[in-house]
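Okay, here's what each chain looks like letter by letter:
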Amino acid sequence: MKKAIFLLAVSSLLLISCSQKTSLSGAGATFPLPYYNLVFKAFTENAGIDVSYGGIGSGGGIRSLKDEVVDFAGSDAYLSDEEMAEMKATIHVPTCLGAVVLSYNLPDVSSLNLTGDIIAGIYLGKITRWNDAAIQAINPALNLPDKAITPVYRSDGSGTTFVFSDYMTKINKDWENTLGTGKSLNFAHGIAAKGNPGVAGTISQTEGAIGYIGSEYAFALNSPIAYMQNAAGEFILPSSLSISAAAQEGIADDTRSMITNSSAKGSYPISCLTWIIVYKDQAYANRSEDQARATLSLLNFILSPAAQAQTTMVHYAPLPKEVIDKAQKALSEITYNGKSL
Amino acid sequence: MSDKIFRSLLLVSALILLLIFAGMFFSLSKGAVPAFREFGFFGFIFSDKWISGTGQSTEQYGALAFIAGTLMTSILALLICLPFSLPVAFFVGEYFRGKKVAGVLGGIVDLLAGIPSIVYGLWGFYALRPLIQSLGLSEQGFGVLTSSLVLAIMIIPYAASLSAEFIRMVPQELKEGAYSLGATRAEVIRNIIFPTSFSGIFSAYVLALGRAIGETMAVTMLIGNTSRIPRGLMDTGNTMASIIANQFGEADGLKLSSLIAIGLLLFLITAIVNFLGRLMIKRHSV
Chain A
1 MKKAIFLLAV
11 SSLLLISCSQ
21 KTSLSGAGAT
31 FPLPYYNLVF
41 KAFTENAGID
51 VSYGGIGSGG
61 GIRSLKDEVV
71 DFAGSDAYLS
81 DEEMAEMKAT
91 IHVPTCLGAV
101 VLSYNLPDVS
111 SLNLTGDIIA
121 GIYLGKITRW
131 NDAAIQAINP
141 ALNLPDKAIT
151 PVYRSDGSGT
161 TFVFSDYMTK
171 INKDWENTLG
181 TGKSLNFAHG
191 IAAKGNPGVA
201 GTISQTEGAI
211 GYIGSEYAFA
221 LNSPIAYMQN
231 AAGEFILPSS
241 LSISAAAQEG
251 IADDTRSMIT
261 NSSAKGSYPI
271 SCLTWIIVYK
281 DQAYANRSED
291 QARATLSLLN
301 FILSPAAQAQ
311 TTMVHYAPLP
321 KEVIDKAQKA
331 LSEITYNGKS
341 L
Chain B
1 MSDKIFRSLL
11 LVSALILLLI
21 FAGMFFSLSK
31 GAVPAFREFG
41 FFGFIFSDKW
51 ISGTGQSTEQ
61 YGALAFIAGT
71 LMTSILALLI
81 CLPFSLPVAF
91 FVGEYFRGKK
101 VAGVLGGIVD
111 LLAGIPSIVY
121 GLWGFYALRP
131 LIQSLGLSEQ
141 GFGVLTSSLV
151 LAIMIIPYAA
161 SLSAEFIRMV
171 PQELKEGAYS
181 LGATRAEVIR
191 NIIFPTSFSG
201 IFSAYVLALG
211 RAIGETMAVT
221 MLIGNTSRIP
231 RGLMDTGNTM
241 ASIIANQFGE
251 ADGLKLSSLI
261 AIGLLLFLIT
271 AIVNFLGRLM
281 IKRHSV
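Protein chains in written order, with my numbering: chain A, 1 to 341; chain B, 1 to 286.
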């Protein structure tokens, strides 16, 4: 009897492993995770191919792709020329647009205007109180309190910090010369918290705090969001519309572009692209052609109007048509053992 | 025959453990080589600079700020835990030994050890931090003291139950001899039990210290994660475990190697602390 059960168990296990369908696995950025969860689920329902995605951070995703243990990597930062030279040929496929927002905790203030220079002043310790003349000047209608400002930043390495600091470096000379751009910076003022939820939680727990958060987390947690001055001088709230506007122009053909401080009218200045990175030639680490085709159809699905429409449901923004065209052109270059798919 | 099989099975599993230990040490050392080559072994340990980003011309990494944060929080936690765990140990191991109330107290203290550290972190974040703020001890409530308080609660069960074990081991004849000479209970504890079980109790605290050094999650949530040497108990800082937890995901190149080097140092420090603890237990039991 026991033997029979054992045999049954073994044979059913074998059966399961034999009838295994093609499935895809990826790893990387946590920034677009809410959107990917939606899109991958829809893709599985449509195509019957399972997709698993580990939100381990952009750096981890790229390491996994280098080690050839995943089908694709998600990243908030595009690969530099040096990084690309170290790897086999890769393709960047933009998947959606997001933004980094400035959230604050001031009980009686419901709408706040900010500029890049003021934020630099706050993070560099030059502007320390909320009723500072510089803040008051662009918020004439507000009666700002005489309260200390506590800047909050990310303690972990993060694409959010990268995008934020990319914008700040473009806007402010002092920032450029002291902190610069990076996934983690040595801030000298303020307090640090881990992850977007950690920063959001610390802001909501600390009166007078201000911090930068991935837009979807700020929307989901209903944190107050500041209007940011864009390059055209307008004060803009992040929204699907204003984020998409930032990607209207100036995107490179391989889509490796930062879209912060966009000069487009009505654009939110701290917007960003996020990418899925795959190898140009899909034949590596014993992957089958089915696997390669599945990867391609997933990427095509993400660029489809139906999937792009889902971006706004989770507070991201859809890619403008020009960017979709560039992405589809990149996809057409994908091969399997040199043969076009 | 079956005895032989059993013996070889035991041998194999023991060897596998040794191999895993050696493998961990090897891969950590290998990953740490670029950082040590760039900054020098002692240069890396004694530098408190942790600079990345394009603002400065070169990347610079050093472990001193994190070693300081780790030692400050764990030693402070040990000091705070002392006046709570030692009485519990005497209560459970001597005064109410074998009584129901000792069983209940001992059980509750052991339960503390079973609570996941993220829960301690959340409690510290939502309960302890506002308390520290409202007491006016620090502006934002994060820092060395906040993390040490939570760490202290986390290591109490380790220190208390192990110490109680050693207190129970003190031979009955010794205590009875002292009582028969007219010693009071306090005198027995001070002059008989404490001296006899001292090295055991000491080793219990060393092991608790080892636990505090490696604790990651709760500390990460409470220490403030600023990469510099804390300038006081109220200042924010960072520990070796939490800098790794924080920055490993997005690190590459020299930074990745530096994080692995910190991992290696943490490995060595906890190994030394645990080794000292075991040495003391050994001396005690002989």
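If you are wondering where the hints come from, they were derived from the structure by calculation, not from laboratory data. Be a bit skeptical, because a hint or two may be false.
What the hints assert, rightly or not - One side of the interface only, derived from the structure: several residues of chain A facing chain B at Cβ under 8 angstroms:
| # | residue |
| --- | --- |
| 1 | GLU176 |
| 2 | LEU179 |
| 3 | LYS183 |
| 4 | ILE191 |
| 5 | ALA192 |
| 6 | LYS194 |
| 7 | PRO197 |
| 8 | ASP325 |
| 9 | GLN328 |
| 10 | SER332 |
What the hints assert, rightly or not - Result set (DSBU-like, lysine-lysine): computed pairs, CA atoms no more than 35 angstroms apart in a straight line:
| # | chain 1 | residue 1 | chain 2 | residue 2 |
| --- | --- | --- | --- | --- |
| 11 | A | LYS170 | A | LYS147 |
| 12 | B | LYS4 | A | LYS147 |
| 13 | B | LYS99 | A | LYS170 |
Yeah, the Cβ is synthetic: ideal placement off N, Cα and C, and Gly gets one too.
(request) Identify every previously stated hint that the structure contradicts and give their numbers, smallest first. (result) 7, 8, 9, 10, 12 and 13
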